[in-house]
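Letter by letter, the chains look like this.
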Amino acid sequence: MDNRNNRQDQFTDRGEVTGVRPGSEVVNTKTKAKEKTAVKQTVATLSEEEMDAAIVNRPKAKNVTPLANQKLTPKDIPVFEDTPERREKLELRKKRHFKRKLRDWGIFTGYLTPSLAGVLVFFFLPLLMLLKTSFQKSPTNSDFVGFRNYERVLTNEAFISASKNTLTFALISVPLAVVLALFIALLLNSGLPGKSLFRSFLLNPMMVPVASVVLIWQVFFSYNGVVNGITAQLFDDAEKIDWLKSSYAQIVIMLLFLWKNLGYNMVLFLAALNSIPHEILESAEIDGAGPVKRFFSIKLHYLSPTIFFVGIMSLINSFKIFREVYLLTGDYPFDNLYMLQHFMNNSFTHLDYSKLSAGAIVMCVVMVVIVGGLFFAESKFDSDVEE
Amino acid sequence: MDEIKRKQRRKEATLARRHIYVETKQPETFITSLSDEARENFFASEKKRIALNLRRRKIKKGIFTGIGVAAAIIISALALVPIFFTFLNSFMSSEEIVSNYQVVFQSMSGHASQGATYMSRTPVLKLIPEEVTIKQYTTLLFMNPEYLFKYWNSILLTLPIVAGQMVVACLASYSFARYRRKRREVLFFSYIILMLMPFQVTLVPNYMISDALGILNTIWAIILPGIFSTFAIFLLTKYMRQIPSGYIEAATLDGATEWQIFTNIALPLCKNAIFALTILLFIDYWNMVEQPLVLLTDVDKQPLSVFLSQINEPELGIAFAASSVYMIPPLLIFFWGEDYLVEGISRSGIK
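So the sequence lines, in the order shown, correspond to chains A and B. FYI, in the numbering used here the residues of the first sequence are 1 to 387. FYI, in the numbering used here the residues of the second sequence are 1001 to 1351.
Where hints are given, some of them may not hold.
[As the list claims (entries may be wrong)] DSS-like cross-link-like pairs, simulated, lysine-lysine; straight-line CA separation at most 30 Å: (1) Lys293/A x Lys1182/B; (2) Lys1061/B x Lys380/A; (3) Lys299/A x Lys1061/B; (4) Lys195/A x Lys1060/B; (5) Lys320/A x Lys164/A; (6) Lys1301/B x Lys320/A; (7) Lys299/A x Lys1048/B; (8) Lys1048/B x Lys1060/B; (9) Lys1182/B x Lys94/A; (10) Lys89/A x Lys99/A; (11) Lys101/A x Lys1182/B; (12) Lys99/A x Lys195/A.
[Said to hold, decoys possible] Listed next, with one range per pair, are the computed distances between beta-carbon atoms: (13) Asp1298/B x Asn274/A: 43 to 53 Å; (14) Lys95/A x Arg1181/B: 16 to 26 Å; (15) Gly373/A x Ile1328/B: 16 to 26 Å; (16) Thr231/A x Lys1182/B: 54 to 64 Å; (17) Lys1047/B x Arg294/A: 24 to 34 Å; (18) Ile280/A x Gly1255/B: 18 to 28 Å.
In case anyone wonders, no lab produced these hints; they're calculated from the structure. Since we're looking at a predicted model, the values are computed, not measured. Glycine included, every Cβ here is placed at the ideal spot set by N, Cα and C.
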């Protein structure tokens, strides 16, 4: 859909005839500059009669399309008078150009308008307000305090530990989600019977509202819960662990995260595995490449864009894990479950808006850097694969 | 020249004809060197060996698929266990639930440190009901209209958001996919960033804006930002960019207007993605907890998810039934539209 605007460049690069008439875009840009200088010169040096003569005897505009690489001689370039009609025409052209630009943005045709307006009001405007309040003493007291809020946030222990927790969670759970999902997809794709049945089983957790399973999760992992009961029955001297209030808490949350997201990632990988050209795999098999070799030298190459996509989606979902943590453990969970969103929620309830906004801005900046890096890497990777 | 060539060819042909009848001696191989009887024996033994190999390979493959199936069964069992037990527990009578799980929730709610050491005996939790009743459901659905109202609130919040966001997203992603310029890519990237932004980041300004618009503490405070959320635009744009440009060029050559291209080409080609996205959005907003918790201070207006997250001991008896009832619509939608969902998800990830 996007190669529309490249076409003209391609033709001109090849040196073919563009079919552009004088008066349309390509010629226009050149004539405008010339026209100005020409008018100036005539005004400065010539008398009226001479000017009339110049206008009458001016070289005629040829209705010939110039070749792209051919240089234009002054004779080929039409000279235009600076009449009111001409001005009107130019204005009209400007208007048309503006209209086309609006059309390109989808505003004129109304495609982007609703979304852009809503996003501006409900997302960009809040961000700007956030930026403003992060430099103020408080939202009501608009004294400029410089970077003091940021200083306060960055030295705040709760903020530091919260960002550390959020980062470690993302760093461990995202690769785990990608690798495990890939493993399951390979398993299902190796010619198992009932593949689609397993797929829908694994997709099921995604569809279940968190609020519904929180209850059973608590039954499993609380101090007097099922998991402790099972370990106590299996091993006599097993110590009872309060899963959600110990250093194991992050593991429980990771299990919840994986339980919820593996299905989605697996479907993405299954589709990518199916799109690998079959002939290549078969010919590799005939040449004696084992399954491991086939995976690492062929499949991984074709899967790499999908791996990136799955990574990005998992990262998005790992930011959303706060909901589960909040539902399981409330406002003040165990230390290593204290996420950035907890920090923000709690400073909201404590009415510490300036701290909240500074923290939010810091988080935004970090996120922009991470996601921007990921997307940049993805686009580079994609072009590699296409070659 | 021609004649010379023709003569040469004729010469070659006659030579070839002559050579056909010349008997060439077959080279001696292992099989020809054997006597007839030995050859028969050799063939028989070879056949046996190959058959054995084949059988071995079959058994090996069978073992591997067996292991694979076992692993898949274990994994999917793990995935289904929480859902299964929630449903199972919803058929317990409420007294049984209280006597079973009181231990669990005493250590959970509120008193964090002293509750943990409350009971030292190993609890033997019964996950399977001793007698199956639907008492929980009857109390939930017929005795307490409160829950039904909360259920209705959930529906009232979710459906407008999903419908509105789909309409907005279809239009916006069409414009993103149709025109690609450098500045637009920047806009698209900022949309992605907005999609990633946790709700808490813009909590305060959102609160202030909905206060200024006079929609605080009404459902519109949640619906309006929900409609303009950019998640659907991200995925749908990715999908729409896969539409071959030839289709659209052909349509413009035939004189189709932009709107005709949109409704007759772009939308039908993205049907699967639109279905999949609708399902994904539905589950996402059916799930939402934080927004109503902050923006709807009226308890009467809050959806069921908020109630489920704040369940305490007195309501424990019907908690499982409420959870199950809350789970049913997304699961039904999933079973109805699974093929669309899978198709839509999978096409979004492939380049």
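Now for the hints, and whether the structure bears them out:
| no. | hint | in the structure |
| --- | --- | --- |
| 1 | Lys293/A x Lys1182/B | violated (41 Å) |
| 2 | Lys1061/B x Lys380/A | violated (40 Å) |
| 3 | Lys299/A x Lys1061/B | holds (21 Å) |
| 4 | Lys195/A x Lys1060/B | holds (20 Å) |
| 5 | Lys320/A x Lys164/A | holds (16 Å) |
| 6 | Lys1301/B x Lys320/A | holds (24 Å) |
| 7 | Lys299/A x Lys1048/B | violated (37 Å) |
| 8 | Lys1048/B x Lys1060/B | holds (18 Å) |
| 9 | Lys1182/B x Lys94/A | holds (22 Å) |
| 10 | Lys89/A x Lys99/A | holds (15 Å) |
| 11 | Lys101/A x Lys1182/B | holds (13 Å) |
| 12 | Lys99/A x Lys195/A | violated (53 Å) |
| 13 | Asp1298/B x Asn274/A: 43 to 53 Å | holds (50 Å) |
| 14 | Lys95/A x Arg1181/B: 16 to 26 Å | holds (20 Å) |
| 15 | Gly373/A x Ile1328/B: 16 to 26 Å | violated (42 Å) |
| 16 | Thr231/A x Lys1182/B: 54 to 64 Å | holds (58 Å) |
| 17 | Lys1047/B x Arg294/A: 24 to 34 Å | holds (31 Å) |
| 18 | Ile280/A x Gly1255/B: 18 to 28 Å | violated (43 Å) |
The structure fails hints 1, 2, 7, 12, 15 and 18 (numbered hints given earlier, in ascending order).
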